[in-house]
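2 protein chains.
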Amino acid sequence: MTPGDPEHDDAPLDSADALERRLRHIGATRYHNLHPFHHMLHGGKLNKGQVQAWALNRFYYQSSIPLKDAVVLSRFRNRQIRLEWRHRIEDHDGNFDTEGGIERWLKLTDGLGLDRAYVESTAGILPATRFAVDAYVHFVRDKTPLEAIASSLTELFAPNLHEERIAGMLRHYDFIQPGVMTYFQRRLEQAPRDANFALGYVRDHATTPEARQAVCDALTFKTNVLWVQLDALYHAYVTGMIPPGAFRPEGM
Amino acid sequence: MTPGDPEHDDAPLDSADALERRLRHIGATRYHNLHPFHHMLHGGKLNKGQVQAWALNRFYYQSSIPLKDAVVLSRFRNRQIRLEWRHRIEDHDGNFDTEGGIERWLKLTDGLGLDRAYVESTAGILPATRFAVDAYVHFVRDKTPLEAIASSLTELFAPNLHEERIAGMLRHYDFIQPGVMTYFQRRLEQAPRDANFALGYVRDHATTPEARQAVCDALTFKTNVLWVQLDALYHAYVTGMIPPGAFRPEGM
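Sequences listed follow chains A and B, in order. Under my numbering, the residue at position 79 of the first sequence is numbered 255, and the numbers go up by one with no gaps. Under my numbering, the residue at position 107 of the second sequence is numbered 283, and the numbers go up by one with no gaps.
Watch out, some of these pointers could steer you wrong.
Where chains are identical, the list cannot tell them apart; a pair therefore holds if satisfied intra-copy or between any two copies.
Unchecked claim - Calculated lysine to any residue pairs in the SDA-like style (CA-CA distance at most 25 Å, straight line):
1) Lys224 - Leu259
2) Lys283 - His338
3) Lys319 - Pro419
4) Lys221 - Pro354
5) Lys319 - Tyr237
6) Lys283 - Phe373
No wet-lab data here; the hints were simulated from the structure.
In isolation and in its complexed conformation, chain A is listed as follows:
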């Protein structure tokens, strides 16, 4: 990065406010709402097979989130934090008698005509999806607990993306029915609550410039996890270079 680059931001990280400004700057320059694949998805520029590929691959991310959150939870001896974090697992897994986020995602893949057993097997996902998502799980295990929490901060930027997605997909795709978009509708309430806790946590617990830099780096890492998934989808299903063994939509 060089001066003049839109990513250039080297204000000193000497306070919680400076940290929050930098985090929001990272979101504004690196969050995957900026990715061309999302512009195409929300603008009605994809065909059904491309939307299937997106939902199929994204299922691997969704279904790994409770594993990731269980690892985060396991990093804290502080019961209060564990209680706070536990509801994330509940949000995704639901309860015995209620659905969670993973089940809602499967309604989306059902609605797109994908076989549920095939989706759940993850056999057809892009290897890049698997590597990126697994990197996220490894990150929260191997880095400090502060960095593990910080890597969740992309949720600060999720609600705007989800609003745009719900509106755009319902408007543009006749193969998308409102009932299959409940995952995103629920996240509109869940994500801000989660993001506010994580933001407060890093503001309070990153008390040196070095720790604040580590928090920023964790968020950057996470934006890469998301960006890589869309790069891989674009390369495989827009450019058309589907790697060996991956899902092939009808006609591709």
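On the provided structure of chain A, position chain B as indicated by the hints.
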């Protein structure tokens, strides 16, 4: 995969010979010599910036191999296997008074005009490169020792690729001098020795159809590690969608 698909191969894995045939079939259908980026690299179709991006990213792979091999070595209580495996670390790291593979790779990046400190920092590599390479290190730690050894079997297919690369790059690129290609020349001797050991090991130690399938899956995983790296290079530097923060060649 469906019948008629070139990847389709479901002969029963009921012997070491059947295992070896399947492994060679995986190589013939999934090894990254088949990737369009390699065809461009070896056929003189890339510009200097694209070759720089390849060498820069591939440095992260090269420099992670001794870490990977140290993890493999750590999985074996059998001293004979540790002795056999240790020379791989030596091949890459050299000794105090002799260079190894990593140093030879840096001669290539030097020769391409890349700053050595920048290369060694890995700051400009593609996130997909990092995730794929790190997945390899995690794989040999988390899977069985048999699978850890099996994942090295792409070396069975490396010598042909390296011969093609040496000839192609020297013929087509005036910015490539013979002295910077010593990495590949050395690997022409090293890879067959290593591959023969690993092949003999899996032939002897995978004694059930299930274990042989796990060996095949480990090789498929490894071909994905390699393929993802070229997909990411193609997407960033041929299609031109360089992700935030990654190396930008002059003029791109």
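### Task
If the cutoff is 25 Å on CA atoms, where do Lys283 and His338 land: within, between, both or neither? Let me know, please.
This pair counts as within: shortest intra-copy Cα distance 17 Å, inter-copy 48 Å.
### Message
Checking an output row: Lys319 and Tyr237, CA cutoff 25 Å. Within, between, both or neither?
### Response
both (20 Å within a copy, 21 Å between copies)
### Query
Between the shortest in-copy and the shortest cross-copy C-alpha distance, which are at most 25 Å for Lys283 and Phe373: within, between, both, or neither?
neither (29 Å within a copy, 49 Å between copies)
### Query
Is it within, between, both, or neither for Lys224 and Leu259, if the alpha carbons may be no more than 25 Å apart?
neither (40 Å within a copy, 54 Å between copies)
### Query
Should Lys221 paired with Pro354 be assigned to within, between, both, or neither, using CA atoms and 25 Å as the limit?
within (19 Å within a copy, 48 Å between copies)
### Query
Is it within a copy, between copies, both, or neither that the alpha carbon of Lys319 lies no farther than 25 Å from that of Pro419?
The answer is between: 24 Å across copies meets 25 Å, while 31 Å in one copy does not.
When held up to the earlier numbered hints, the structure conflicts with 1, 6 and fits the remainder.
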